[in-house]
Amino acid sequence: MSTILNSHSQTDNQQSSWYESWFDTKYYHILYKDRNYREAQVFMDNLTHYLNLPEKAKVLDLACGKGRHSIYLNQLGFDVIGADLSENSIVEAKKNENDSLHFVVHDMRESYEEKFDAIFNLFTSFGYFENEEDNLQTLVAIKESLSEYGFAVIDFMNVHQVIANLIPEETKTVDDIDFHIKRFVLDGFIIKQIDFEADGKSFHFEEKVKAFTLEDFQKMMDEAGIYLLDTFGDYKLKKFHKNTSERLIMIFK
1 MSTILNSHSQ TDNQQSSWYE SWFDTKYYHI LYKDRNYREA QVFMDNLTHY LNLPEKAKVL
61 DLACGKGRHS IYLNQLGFDV IGADLSENSI VEAKKNENDS LHFVVHDMRE SYEEKFDAIF
121 NLFTSFGYFE NEEDNLQTLV AIKESLSEYG FAVIDFMNVH QVIANLIPEE TKTVDDIDFH
181 IKRFVLDGFI IKQIDFEADG KSFHFEEKVK AFTLEDFQKM MDEAGIYLLD TFGDYKLKKF
241 HKNTSERLIM IFK
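So the sequence shown is numbered by full-length UniProt numbering: it starts at 1 and just counts up by one.
What the hints contain is simulated information worked out from the structure, not anything from laboratory work.
Please read these numbers as outputs of a predicted model, since none were measured by experiment.
Quick list of the computed label-pair ranges, beta carbon to beta carbon:
hint : residue 1 : residue 2 : range
1    : N165      : K95       : 36 to 46 Å
2    : Q193      : D107      : 17 to 27 Å
3    : K253      : N165      : 29 to 39 Å
4    : T213      : E97       : 34 to 44 Å
5    : Y32       : E197      : 15 to 25 Å
6    : H29       : E113      : 27 to 37 Å
7    : L228      : S147      : 14 to 24 Å
8    : E197      : Y227      : 41 to 51 Å
9    : E144      : Q218      : 11 to 21 Å
10   : N52       : E246      : 17 to 27 Å
11   : Y37       : L166      : 21 to 31 Å
12   : N165      : K94       : 32 to 42 Å
Result set (DSS-like, lysine-lysine): computed pairs, CA atoms no more than 30 Å apart in a straight line:
hint : residue 1 : residue 2
13   : K115      : K236
14   : K238      : K253
15   : K95       : K58
16   : K192      : K239
17   : K26       : K182
18   : K94       : K33
19   : K143      : K58
20   : K201      : K26
21   : K238      : K58
22   : K242      : K253
23   : K26       : K94
24   : K94       : K115
25   : K210      : K239
26   : K236      : K33
27   : K182      : K242
28   : K219      : K238
29   : K143      : K236
30   : K56       : K115
31   : K236      : K172
32   : K58       : K94
33   : K94       : K56
34   : K238      : K33
35   : K239      : K143
36   : K33       : K210
37   : K182      : K33
38   : K33       : K95
39   : K242      : K219
40   : K172      : K210
Quick reminder that beta carbons are idealized off the backbone N, C-alpha and C, glycines included.
Make a model of the complete structure from these sequences and hints.
Rendered as structure tokens:
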């Protein structure tokens, strides 16, 4: 799950928003390196087929990280821009650029001048902001960046299922680093605290994602002037069920 956070080394009291700090560290990529990318590719196969995107359609992968999914979308034949706030991730992603695949540092709250046939916001890369207006502004920016016939997709966690199955504490060891993880719900956010020692330092990071339900999204979309077309509950695009679905996938225009 991608997330927002306040992060700092215990030897460094400076704090910044977590998504600017945590996503820009090598440790984030170490902790999550075993994600199921084959499942993600199947999702994009299903999604692009469902949307019936034309060949060479212009696609924006919003919050693209290091661009693995942008690269796959480009391999499917689309003209792709991957955008992310993490400068380090974009530097890495740019190694894969070609004539129809480009990467840019971009704040998702800002719209693009060019218009896209599809905008994908994947793997819970929404709901990071403390300020409600910033989340609404992100939806408005997505709407303003779509072409007249374009579609947008937000792939979010199903908060009902996540909260019901929350693992309060666990330790994950990856590349000889013991990541001590705590999860809890506070003030409408699902919070993950991550503590570990590496390279001779102690680190503390906190991922923080707003626990938006489908009803919450519908209210925001109404306010943003967005039309919700369809919802799905997993990467095979099965029907969304509030209590059991793994994901909340929303198609809108």
